[in-house]
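One letter stands for each residue in the lines below.
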Amino acid sequence: MAKVVVVTSGKGGVGKTTSTAALGAALAQGGERVAVVDFDVGLRNLDLIMGAERRVVFDMINVIQGEAKLTQALIRDKRLESLFLLPASQTRDKDALTGEGVARVIAELRQSFDWVLCDSPAGIERGALLAMHHADIAVVVTNPEVSSVRDSDRIIGMLDSKTERAERGERIERHLLLTRYDQARAERGDMLKVEDVLDILSIPLLGIIPESQEVLRASNVGAPVTLNAPVSAPARAYTDAVRRLRGETVEMSIPSDRVGLVARLFGRRVA
Amino acid sequence: MSSILDLFRRRPTANLARERLQILLSHERASAGQEGLIITLREEILAVIARHVVVDRDQVQVKVERTGESSILEIDVTMPIPRAKLRAASC
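Residue numbers (numbering that gives the first Met the number 0), protein chains in the order written: chain W, 0 to 270; chain G, 0 to 90.
Treat the hints as calculated values from the structure; they're not laboratory data.
Check before you lean on any hint, since a few could be wrong.
As the list claims (entries may be wrong) - Pulled a few chain W residues facing chain G out of the computed Cβ check, cut under 10 Å:
hint	residue
1	91
2	93
3	101
4	103
5	105
6	149
7	152
8	184
9	185
10	189
11	196
12	202
13	203
14	204
15	215
To be verified - Computed Cβ-Cβ distance ranges for the label pairs, DEER-style:
hint	chain 1	residue 1	chain 2	residue 2	range
16	G	8	W	194	25 to 31 Å
17	G	19	W	68	33 to 39 Å
18	G	18	W	68	51 to 57 Å
19	W	66	G	73	54 to 60 Å
20	W	248	G	26	32 to 38 Å
21	G	75	W	197	54 to 60 Å
Unchecked claim - Now the stretches of chain G that chain W is said to cover, found in silico as 3 or more residues with beta-carbon under 8 Å:
hint	stretch
22	42–52
23	59–73
All residues carry an ideal CB built from backbone N, CA and C; glycine is no exception.
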């Protein structure tokens, strides 16, 4: 039974696209059939982060308007044969993304994939609502920073009221993915701690992705961080998050890249 | 003025971030779905006042202070003394 996951946040720039790519790749690395879907019409970037930007021919709006078949628009990843990307349109009007059209595309993706990951645009407008509408599971990407936490709270409220599941009176599974976390700064009292964010948002924790230069390096070369640097701290954190998403029980930790005294003092305290 | 000493005097800020968020979000969650409440309250309160005195709408100040347990809504209405009464008082 396919699972539809929305990666959402409200605020922009917190790591939705990076996380969609990394989670999608990690799922495919585990043998699952995965489609990652870019919902950011006009500002697509998932193709770039996945390194598929030069192979985009058709997009979701072409599929919705009957100008291309879904199988023609899906781009197979060069490194993982069970990972596919459905790009967003860069040029079309946002209104071309209709509720009915999105419903058809998601229903068709459910037929051929184990996981469908929807990369939401920032904001709380129509695009974000369409991205979350059909989700069974939501991954709420949050930075340990006040504006990101506030916007995540808004998005959680919308997940509970505006999704198909909510409208049917069912609950949507929601998980927190805390990104760009800096353990040393949190220890010094200069960054919200994991527990602070969990206390405030009250949703279960899927994973803690440490701040790391490997994330930018991966986006520079156009590869999900779990593929580009599989043993790096963020890649290990994403891989653990995916195991939790698949229902495994994995002890929560904050992987660290740092070595030496600093790592021994701070880096592994909350392991 | 900042100096190198400030680096040593700096206080942790995460606690303040946490408190500000807790207060803000408790209010935002409670007020979801009643976005126009303050406007409605202002209009209805002013309507009552206007039944008895002339109110200059440019002289109405609305303030809200949100604290941990409650919100304080303050509506300041400046009520000019009618000229007839001013003359009567100066006689």
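Against the structure, the hints come out as follows:
The beta carbon of residue 91 of chain W is not positioned within 10 Å of any beta carbon in chain G (closest approach about 32 Å), and the interface hint is therefore violated. The beta carbon of residue 93 of chain W comes no nearer than 24 Å to any beta carbon in chain G, farther than 10 Å, and the hint placing it at the interface is violated. At a threshold of 10 Å, the smallest CB-CB gap from residue 101 of chain W to chain G is about 26 Å, leaving the interface hint violated. Hint on residue 103 of chain W is violated. Least Cβ distance to chain G is approximately 31 Å, over the 10 Å limit.
The beta carbon of residue 105 of chain W is not positioned within 10 Å of any beta carbon in chain G (closest approach about 27 Å), and the interface hint is therefore violated. Given the 10 Å rule on beta carbons, the hint for residue 149 of chain W holds: about 6 Å separates it from the nearest Cβ of chain G. Interface restraint check: residue 152 of chain W against chain G, minimum CB-CB distance 5 Å, threshold 10 Å, status holds. About 8 Å separates the beta-carbon of residue 184 of chain W from the nearest beta-carbon of chain G, less than 10 Å, and the hint is met.
Nearest Cβ of chain G to the Cβ of residue 185 of chain W: about 7 Å, under the 10 Å cut. The hint holds. Of the supplied interface hints, the one on residue 189 of chain W holds, with its beta-carbon coming within about 6 Å of a beta-carbon of chain G, less than 10 Å. Interface restraint check: residue 196 of chain W against chain G, minimum CB-CB distance 9 Å, threshold 10 Å, status holds. Against a cut-off of 10 Å between C-beta atoms, the interface hint on residue 202 of chain W is violated, since the closest Cβ of chain G lies about 13 Å away.
Proximity of residue 203 of chain W to chain G is violated relative to the hint, the smallest CB-CB distance being about 18 Å (cut-off 10 Å). Interface restraint check for residue 204 of chain W: the shortest CB-CB distance to chain G comes to about 17 Å, outside 10 Å, so the restraint is violated. Look at residue 215 of chain W: its Cβ only gets to about 25 Å from chain G, farther than 10 Å, so that hint breaks. Under the hint 25 to 31 Å, the C-beta atoms of residue 8 of chain G and residue 194 of chain W, about 27 Å apart, fit the expected range.
In this structure, residue 19 of chain G and residue 68 of chain W break the distance hint of 33 to 39 Å, their C-beta atoms being roughly 51 Å apart. For residue 18 of chain G and residue 68 of chain W, the hinted distance range of 51 to 57 Å is satisfied, since their beta carbons lie about 54 Å from each other. One distance hint, 54 to 60 Å for the beta-carbon pair residue 66 of chain W and residue 73 of chain G, holds here, with the actual separation near 58 Å. At about 37 Å, the beta-carbon gap between residue 248 of chain W and residue 26 of chain G stays in the expected band of 32 to 38 Å.
For residue 75 of chain G paired with residue 197 of chain W, a C-beta distance near 41 Å fails the hint of 54 to 60 Å. Coverage of the stretch 42–52 of chain G by chain W is violated [criterion: at least 3 residues with CB-CB distance below 8 Å; count 0]. For the stretch 59–73 of chain G, the stated coverage by chain W is violated: 0 residues have a C-beta nearer than 8 Å to a C-beta of that chain, whereas at least 3 were required.
Hint violations for this structure: numbers 1, 2, 3, 4, 5, 12, 13, 14, 15, 17, 21, 22, 23, all remaining hints satisfied.
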